[in-house]
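Produce the entire structure from the sequences given, and follow the hints as far as they go.
Protein sequence lines, in the order shown, are assigned to chains A and B.
Final position of the first sequence in the working numbering is 338; the numbers increase by one with none missing.
Final position of the second sequence in the working numbering is 375; the numbers increase by one with none missing.
Don't take every hint at face value.
As the list claims (entries may be wrong) - From the structure, some residues in chain B lie toward chain A, with a derived Cβ separation under 10 Å:
id, residue
1, Gly45
2, Ser48
3, Val153
To be clear, the hints were calculated from the coordinates, so they are not data collected in a lab.
For every residue, glycine included, the Cβ atom is placed at its ideal position computed from N, Cα and C.
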Amino acid sequence: MKADSIISLDHGSGGLASQNLISDLFLKYLTSPQLRDLEDCAVLGEYAGRLAFSTDSFVVDPLFFPGGDIGELAVHGTINDLAMRGARPIALSLALIIEEGFPLADLERIIASVARCCEAAGVAVVTGDTKVVPRGKADGMFINTSGIGIVSHRLDVSVKMAVPGDTVLLSGTLADHGITIMSRQAGIDLDGDIFSDTQPLHRLVGALLESDACRVHVLRDPTRGGVATALCEIARASKVDITIEEERLPIMAPVATACELIGLDPLYLANEGKCLIVCAREAAEDLLQLLRQVPEGRGAARIGRISGPGAGQVTLTTRIGGSRLLEPLTGQSLPRIC
Amino acid sequence: MQLNEAFRSREVTAPLVAEISRGLRQPVRIMEVCGTHTMAIFRHGIRSLLPEQMTLLSGPGCPVCVTPAGYIDALLAAARLPRVVLATFGDLIRVPGSEEASLATARSAGARVEIVYSPMDALALAQREPECTVVFAAVGFETTAPTIAATLVQARRLGVDNFLIIAAIKTMPAALDALMDDPDLPVDGLLCPGHVSAVIGSGAYRPLVEKHQLACAVAGFEPADILTGLLSLIRQIQSGRPRVTNCYTRAVSEEGNVRARMLMEEVFTPADSEWRGLGMIPASGLVLRTEYQDFDGLRQLGIALQATREPGGCRCGQVLKGCLLPPDCPLYGARCTPLRPVGPCMVSSEGACAAFFRYSGEKKSRKGGGETYEA
Numbered sequence: 001m002k003a004d005s006i007i008s009l010d011h012g013s014g015g016l017a018s019q020n021l022i023s024d025l026f027l028k029y030l031t032s033p034q035l036r037d038l039e040d041c042a043v044l045g046e047y048a049g050r051l052a053f054s055t056d057s058f059v060v061d062p063l064f065f066p067g068g069d070i071g072e073l074a075v076h077g078t079i080n081d082l083a084m085r086g087a088r089p090i091a092l093s094l095a096l097i098i099e100e101g102f103p104l105a106d107l108e109r110i111i112a113s114v115a116r117c118c119e120a121a122g123v124a125v126v127t128g129d130t131k132v133v134p135r136g137k138a139d140g141m142f143i144n145t146s147g148i149g150i151v152s153h154r155l156d157v158s159v160k161m162a163v164p165g166d167t168v169l170l171s172g173t174l175a176d177h178g179i180t181i182m183s184r185q186a187g188i189d190l191d192g193d194i195f196s197d198t199q200p201l202h203r204l205v206g207a208l209l210e211s212d213a214c215r216v217h218v219l220r221d222p223t224r225g226g227v228a229t230a231l232c233e234i235a236r237a238s239k240v241d242i243t244i245e246e247e248r249l250p251i252m253a254p255v256a257t258a259c260e261l262i263g264l265d266p267l268y269l270a271n272e273g274k275c276l277i278v279c280a281r282e283a284a285e286d287l288l289q290l291l292r293q294v295p296e297g298r299g300a301a302r303i304g305r306i307s308g309p310g311a312g313q314v315t316l317t318t319r320i321g322g323s324r325l326l327e328p329l330t331g332q333s334l335p336r337i338c
Numbered sequence: 001m002q003l004n005e006a007f008r009s010r011e012v013t014a015p016l017v018a019e020i021s022r023g024l025r026q027p028v029r030i031m032e033v034c035g036t037h038t039m040a041i042f043r044h045g046i047r048s049l050l051p052e053q054m055t056l057l058s059g060p061g062c063p064v065c066v067t068p069a070g071y072i073d074a075l076l077a078a079a080r081l082p083r084v085v086l087a088t089f090g091d092l093i094r095v096p097g098s099e100e101a102s103l104a105t106a107r108s109a110g111a112r113v114e115i116v117y118s119p120m121d122a123l124a125l126a127q128r129e130p131e132c133t134v135v136f137a138a139v140g141f142e143t144t145a146p147t148i149a150a151t152l153v154q155a156r157r158l159g160v161d162n163f164l165i166i167a168a169i170k171t172m173p174a175a176l177d178a179l180m181d182d183p184d185l186p187v188d189g190l191l192c193p194g195h196v197s198a199v200i201g202s203g204a205y206r207p208l209v210e211k212h213q214l215a216c217a218v219a220g221f222e223p224a225d226i227l228t229g230l231l232s233l234i235r236q237i238q239s240g241r242p243r244v245t246n247c248y249t250r251a252v253s254e255e256g257n258v259r260a261r262m263l264m265e266e267v268f269t270p271a272d273s274e275w276r277g278l279g280m281i282p283a284s285g286l287v288l289r290t291e292y293q294d295f296d297g298l299r300q301l302g303i304a305l306q307a308t309r310e311p312g313g314c315r316c317g318q319v320l321k322g323c324l325l326p327p328d329c330p331l332y333g334a335r336c337t338p339l340r341p342v343g344p345c346m347v348s349s350e351g352a353c354a355a356f357f358r359y360s361g362e363k364k365s366r367k368g369g370g371e372t373y374e375a
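Given below as structure tokens:
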């Protein structure tokens, strides 16, 4: 491979090579005025409302997978974390740690993804950083993004707000991202039927909150640990018990088949573009219809209910009418996935 | 529609559940031999549907659970050697050896431990990295033994000389026979393992029926399969006429998979084998034939298999024999949890203790260990 087609330690030195990388590659795709000035930090405008702030790091293997890449995940992941508290994202940071020898063409592909996702989501990368570490000290590339959002309503959408009687909705099919990554890692070719679901959720959340904000109690994106772990977190934080029904869980047939094949429970696999919504029972039907009209919520389903006050137990009613407890994911040796 | 949908629908399972409840007239104790059955029974909530008179006991059919700690020590010794890559199924990676170290902790300390999904993947790894020696942790029953045998035949054919195995392969019928000899173990019927039976055939259980007057039903892993197997067992038990019924005819035949067995016999030969919890059982394991001993990792790397003691207080042995339910162990939920397992039954995703802990409401030992479980 030619020397000018890969990342070298010089690219992270802060010297001329770094500057060229920034001007020739990063600024070619990331075009916000705050970034272009290359100041030490971005000064944002004035906004009405409370500030929301979140950060997330991305270490996915492989970097490119069906349905997306690490750049898309990095943008959507932070936008979604903001959205889960009802915040509208306004600015992102982008920090890269790149392994020496990383192909420049791959870097360009990833930065182009970041730019495309930001534009589609209406949010800008306003500050950034790049470090290069010697070969063998990182696995290709790691990305960190942080994001600032504005909460313009007075509501407290939080994992603590579920109350007995509430309904649990899921915005679409489960396990798509997790199984895509796991099957790639297992070297199992699934005939192109399976794609990551990486997508931003702020518009879906915006639509929900605009319509019936005070009856949406909890929003949670079931990323690592999957739907089961997210439900356990809600149950424990809100001091309630939750019951969900296996036959109501939306899952794509190829995903279900792949889970059987690899021996994984889809309830514990990551999602990167879905959210759980706990809402007042009388609002559930309207919210479900609303969700299904938003592209990100087409596959939404009612999956269960808050069955009572309690110590945080989550019970699954199985298809055959039996019941079992759902525990949070314990430290299983799952390959890393997000 | 998926093939397995029909086996999971309530229309099919509800009549079976009703028939079991209606038909059961006496307390029965049934052992599900296979770890995959244990997991499926919990996963589908089958226990919650069965009458109280039916007790289900988990048997010795979880390969990770019955592997002695000394074997893990041997894998650790291999993994710590320079230029050795230890390739293993994911299940084995958190099992502690005799001194608490596991392959996971060895990996954190710098050893190269790679998770593979089949022995052929481990062979491919050896071909990709000719400068290293790849050692495959060959654990399993008659289900995995043929693929391990096929991998060695392939390795020989391709002339791959940097691929070794450390084997702890076990076979079912002799172990079940030894288990049923135990007068303290009152079992009325066996739910026989579907995958193992696909290889050894349903006929392999006939001697058990004759010698121990034991009801046997071979069953698959979907809810309808398991319920059908249980129904067949209670009918046999209550009629007093035990036999072998094959409730998994879509995968299992009377004679089994002859080709797979020939492959096994080409590479392996029966030998006495130590089962965790059950001790040494004659002719219940497989070792490499002389012609294949150049693949023997222990011999090639100069590692000796040591006898080890069980961790203090660990009752995995009795759990594997069906003498105890997991919450009857004093360590359960206290010193031994899925996050920090002491015994193998808590580590393996198919272990009885892990299944109990994950799916049942019981998070603490019934023996009142004095410590509580922290989430």
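Checked hints:
1. The beta carbon of Gly45(B) is positioned within 10 Å of a beta carbon in chain A (closest approach about 2 Å), and the interface hint is therefore held.
2. The beta carbon of Ser48(B) is positioned within 10 Å of a beta carbon in chain A (closest approach about 5 Å), and the interface hint is therefore held.
3. Given the 10 Å rule on beta carbons, the hint for Val153(B) is violated: about 21 Å separates it from the nearest Cβ of chain A.
The structure fails hint 3 only (numbered hints given earlier).
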